[in-house]
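Chemist: Here are the chains, one letter per residue:
Number of protein chains: 2
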Amino acid sequence: MASTRERIVTATAELFRRNGYTGTGLKQIVGRAEAPFGSLYHFFPGGKKQLGAEVIREAGLPYAALFDIYIASADDLVAGIEQAFAGAGETLVETDYADACPIATVALEVASTDDGLRRATAEVFEAWLATGTEACSTFGLSREAARALAIATVTSLEGAFVLSRSLRSTEPLDAAGATVAARARELLSTSAGSARHPRG
Amino acid sequence: MASTRERIVTATAELFRRNGYTGTGLKQIVGRAEAPFGSLYHFFPGGKKQLGAEVIREAGLPYAALFDIYIASADDLVAGIEQAFAGAGETLVETDYADACPIATVALEVASTDDGLRRATAEVFEAWLATGTEACSTFGLSREAARALAIATVTSLEGAFVLSRSLRSTEPLDAAGATVAARARELLSTSAGSARHPRG
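Protein chains in written order, with UniProt numbering: chain A, 1 to 200; chain B, 1 to 200.
The hints are simulated quantities; they were obtained by calculation from the structure and are not laboratory data. Model, not experiment: these values are computed from the prediction. Misleading hints may appear alongside valid ones.
Simulated DEER-style distance windows between Cβ atoms [claimed, not checked]:
1) SER169(B) to MET1(A): 38 to 44 Å
2) LYS27(B) to GLY31(A): 35 to 41 Å
3) PRO36(B) to MET1(A): 49 to 55 Å
4) PHE37(B) to PRO62(A): 44 to 50 Å
5) PHE37(B) to PHE37(A): 30 to 36 Å
6) VAL93(A) to ARG143(B): 24 to 30 Å
7) SER142(B) to PRO45(A): 57 to 63 Å
8) ASP75(A) to SER142(B): 29 to 35 Å
Under the rule of at most 30 Å between Cα atoms (straight-line distance), these lysine-lysine pairs were calculated in the DSS-like manner [what the hints assert, rightly or not]:
9) LYS48(B) to LYS48(A)
10) LYS27(B) to LYS49(B)
11) LYS48(B) to LYS49(A)
12) LYS49(A) to LYS27(B)
13) LYS49(B) to LYS48(A)
14) LYS27(A) to LYS48(B)
15) LYS27(B) to LYS48(A)
16) LYS27(B) to LYS48(B)
17) LYS27(B) to LYS27(A)
18) LYS49(A) to LYS27(A)
19) LYS49(A) to LYS49(B)
20) LYS27(A) to LYS48(A)
Glycine is no exception: its CB is placed at the ideal position from the N, C-alpha and C atoms.
This is chain A alone, in the form it adopts within the complex (with noise of 0.2 Å):
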C-alpha cells in the first residue's frame, strides 16, 4: 500500500486536476487519502502552499515523457506530432472530458495570485519545452526551430484542452493537431536536415 505521503499528494493531484487549488480544501485531501488531519502537517509543514507546489512538480514533471512516447520515438515528425494530438483526445473522450493537463488549472489560477505556486508550475512547463526540444530536435531541426515547435505544440494543447472541455467535443484538439503539424512541416522545409537523425 502506498505511503501516506504518497496518498497525501495523490489525493490532492487528483483533485486539484478537477477542481483547482482554490477548490480544494485540506479536509477533503485528507478524507481522500485517508490519513489522519495531523500527517498532513507533518510531511507538508508549510500547509496547503508547500502541498500545492509538491503536487504541481510530482504530478506535472512525469508528462515531460509524453514527448518521448509520441515524438522522439516516431519515424516522422509530423505523424509523431498528429498522433500525439489524437492521443489526448481519445483520452479526453475516454475520462469524460475530465482528464487533461495536470497543472493548467492550478497555473491560471495561481499566476497572478501566489508567486511561489507560479514558479512551480514554471518550472513544469520548462522541463517540459526541455525534454520536447530535446525530441524535436533528433529530426535535424535547429535548437531555435526545435524549441519553437515544442512550445506549439505545448500551448496548442493546453489552450485545446481548455476548449475541448468546454464545447465537449474534440474538434479544437483535432485542429490544433492540424496546426502543429502545418509548423512542423514549415520548420523541416526551411531547417537545414529534414530527415530523421539516427539515434542511440
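Dock chain B against the given chain A, drawing on the hints supplied.
Modeler: Using the frame of chain A, we list chain B on its own:
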C-alpha cells in the same frame, strides 16, 4: 455612475479573471462593487451560479470583436494574425501578466464540476469561433478552412496565455503566433482563392 447591477457584474468579472470562480466570494464581490449584500440576490436570485453564468457571457462575448479589429479589417490574413498575437503580448506585459482571457480560468474550473457554467463558457467560445470563421472567410478560405483557422487562433491564444502567464514571458505567445501564421499560409495555399475578397 454605473447601476448597482453593472457594478456587481464588473466587480465579479475582475475577480474571476484574477482569482477564478471558486476563489471569488460573494462578500468580496459586494465589497468591491460597493453594493449592499441584498442587492446581489435581488438582481441574481440564483446566487453565485446565476451571477457566474451572466458574468461569463457579459465578460466573454465582447471579445469576439477582436477578430473584426485584428483580422477582418487586415489587408493580409497572415499579417493580421501576427498582429493579433503581438497585441495580446503587449496587453499581457502592460498588465504584469494578469489580463489575458476573461473566461479561461473559470472554463477550466467548471468544465467538470458545473454543467450550467460550462455551457455558458461553451456559448462564449462558440460565439468567438463563429465571428472568427466569418473574419477568416473574407480572405477566400472555404468555411471549413476558415473555421479550422479560427479554432487554431483561439486555442493557440488560450494555451499561450497559460504558458506566458506562468513563465512571465511573451515567448509562448510569439511561438503561438508564428504557428497560427504557418497554418494560415498552408490553408491559403490550398484554398481556391488566396486574395482578399472585396467587402461591403
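Chemist: In ascending order, which of the hints set out earlier in this document are inconsistent with the structure?
Modeler: 2
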